[in-house]
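Each chain, written out:
2 protein chains.
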Amino acid sequence: MKQLFKHCDILATENDAFRVIRNGFLGIDGTMIDYIGETRPAQTYDTEKDMSGKLVAPGLMNCHGHTPMVLLRGVGSDLPLHEWLFEQMMPVEDRLTADDIRVGNQLALLEMIACGTTSYSDMYFEMETVAENAISAGVRANLCRPVVCLDEQEKYEDNIRAKQSLELFRAYNGAANGRIKIDFSIHAEYTSFPGIIERYSKDCKKLGGRMHIHLSESKREHDACVAKYGKTPAKWFLDRGTFDSPTAAAHCVWVTNEDLDILKEKDVSVVHNPTSNLKLGSGFAPIPRMLEKGIRVTIGTDGAASNNNLNMMEELHLAAIMHNGYHLDPVIMNPAQVLKMATANGAALQGRTDTGALTVGKKADMIAFQMDWPHLVPDFNALALLTYSAQASDVCLNMVDGKILYENGEYLTLDAEKIRFEAEAALKRIYG
Amino acid sequence: MKQLFKHCDILATENDAFRVIRNGFLGIDGTMIDYIGETRPAQTYDTEKDMSGKLVAPGLMNCHGHTPMVLLRGVGSDLPLHEWLFEQMMPVEDRLTADDIRVGNQLALLEMIACGTTSYSDMYFEMETVAENAISAGVRANLCRPVVCLDEQEKYEDNIRAKQSLELFRAYNGAANGRIKIDFSIHAEYTSFPGIIERYSKDCKKLGGRMHIHLSESKREHDACVAKYGKTPAKWFLDRGTFDSPTAAAHCVWVTNEDLDILKEKDVSVVHNPTSNLKLGSGFAPIPRMLEKGIRVTIGTDGAASNNNLNMMEELHLAAIMHNGYHLDPVIMNPAQVLKMATANGAALQGRTDTGALTVGKKADMIAFQMDWPHLVPDFNALALLTYSAQASDVCLNMVDGKILYENGEYLTLDAEKIRFEAEAALKRIYG
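The listed protein sequences derive, respectively, from chains E and X. Read in order, the letters of the first sequence correspond to residues 244 to 675 in our numbering. Read in order, the letters of the second sequence correspond to residues 244 to 675 in our numbering.
So here's chain E without its partners, still in its complex pose:
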């Protein structure tokens, strides 16, 4: 089917830079964008949609999270980190069944889709059910089951999580015409031992996989690694061969200048998680320095237990302002950088060269913002408006592969009422 969006403002990408087209036309042929321009295309389309008063933008890529943790939103709120994690989070997570995770992820999908996310990267367990959800919901997803190893004597062959990770990869990588990708994943240096990580990293490289890790999120974990191994977590992963596969490194708050050289050299993608880093008191990742060095920075929400939502628009806003405040420099970050982090850079991290920008030939993965709210007047600079003024609730349309998933509050691929009902039942099971 050929669809035409007409009379919309378009946040297009030309020569790797954003260009705002006013009152334009965007054509879709099946799953692909086949026209973007200021004038009506010559060809005809099966359907035409009047998008007056709307801005069409590339879909947001949420590059780090643990979506089923929406079921733990607000649990143990405002406790110190260690107490929160070990006394509140983990006992609940131990109780989660595959069905809880199915429902939790669906609840997260409702939130993410309404907030403009078209593609997300997720690290959790029971990911088969999460893959099935993504297939039916129509979103893109890079999913992983992280390796954790708490017993130094454990053999690689006996690590159940590594086994599950490989099974997940074989079963779902490339599913739904590539909408689903399965990543390899190591939870973090402090939850692993070198031997297993070396073997797992080798398997990742052999199978042509992508890697997703936590890296230097907290000072405590970063310093403990240096004390234990005499090297930073980044150097530790480098020496394990982990970075020999394309890697997404979440947080990177405490990385050193030498670590940044490693990340640049190995083309590691950084996932910036602004809210989580602030809320949990992790600190300020050196994002401006990373951008200066040409490191690929992307954006993620982290899990709802440490955020406490999955609202990418909030993350864009924070990424654009928090470093200004920290460095006492109002121009150290700008909207174009942040929007690129949340779109094209995210696509590159996920190994998706066919999305992340509104350009002819790319996938029709896009969102629309209703732009006639009082808080979006005047519209002198669409990039600034999206970054500083817009709210997630301004998202009025979410499309992936040319298929509308959400429009004006209605979900077209998910049964919101059923999910809400099942979530309540799951919460009763979990918390009694």
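Hints are all accurate, no fakes.
Remember, identical chains collapse to one label, so a pair may be satisfied in a single copy or spanning two.
Derived pair list, reagent style BS3-like, types lysine-lysine, alpha-carbon separation capped at 30 Å:
#, residue 1, residue 2
1, Lys445, Lys536
2, Lys448, Lys536
3, Lys536, Lys462
4, Lys646, Lys245
5, Lys292, Lys671
6, Lys462, Lys507
7, Lys661, Lys249
8, Lys671, Lys249
9, Lys536, Lys471
10, Lys474, Lys449
11, Lys398, Lys478
12, Lys406, Lys509
13, Lys474, Lys398
Worth flagging that the hints you see were computed from the coordinates, not collected in a lab.
Using the hints provided, position chain X relative to the given structure of chain E.
Relative to chain E, chain X alone:
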């Protein structure tokens, strides 16, 4: 008229602390709250409103802003501060007419009311028209015309702004049964001279007025004052007698420990402006230290030119997380503190003992949040949910003095369409 809200969760205040009442009842007699409880009141009400699935909370008090600057939203975005202010902002402000300011303020009212603000403090010029707007819109407002003096030789009697400020006070202070208050205002130390400020501060005290100032917003301005006078701006104002009237001091980013002692001693209220301080690269106000010292901290959005919206929910969120990140301490701030800053503390700053909390005998100034969105599930902790997870768009009702101003997207006292139309015309006039 007597109105009953039934089956709502209520963020009530008991003994100066929040208490969440589940599935409760809230009765309103005229402009006042006359019942809050878990059971149906014995008395009868003229109307009953089913509020199932909603949380009723005290209205938000936006304690510092320059509302007509919504007309400058995004102008000169991402320029260095000096260039932005002197080359972009000021030339536009010089062109603003009273009618532009009327329309700009109305546009701001649409935004603020939808985002849950019931009372706001505003510093700008042509404030008679802003007062008239507040009277007809039904909100509470503390308005001021700031004194600026750029000529050291100017006599107090010749300062047109001081004169306008006093005229405004005489004409509108206490209007609309006290909904409108007129504050005295000194723009800042760096835009004034001692003589005029001493005379004006004396007039404020004599007339029993309240004062609204900018204080130590940027390092540059703070340091320049120390260099010029050998004392900090806080000490400078103290010595001018400014703090002899109840004072609202916006920003306070660079205040010293000695300054904090002054603010505490003189019962000065601090207005924290999280987004503005981050976006403009001003820095991190020492809010946790202020709270420790028992200084009254409130919250404001600042103007839309330096924010770039008037969304108090965004400010609550930031106030709750940014200091955790800065101090590497996840529990240095908590939701109850932040919600109190945005409600009861704001009311105290504005000199309004009759609002800012849901308690029997207080004014019926309240907002309701629609709580059944996916991003607000589960609801273990309403305070955490409002602070960390909720969005301004979850506000479904705004009531002041027992009168509904906004409900489910509809404005009951403002003609949104007319305002939008007039704003477009004003923007054309201003920018051509």
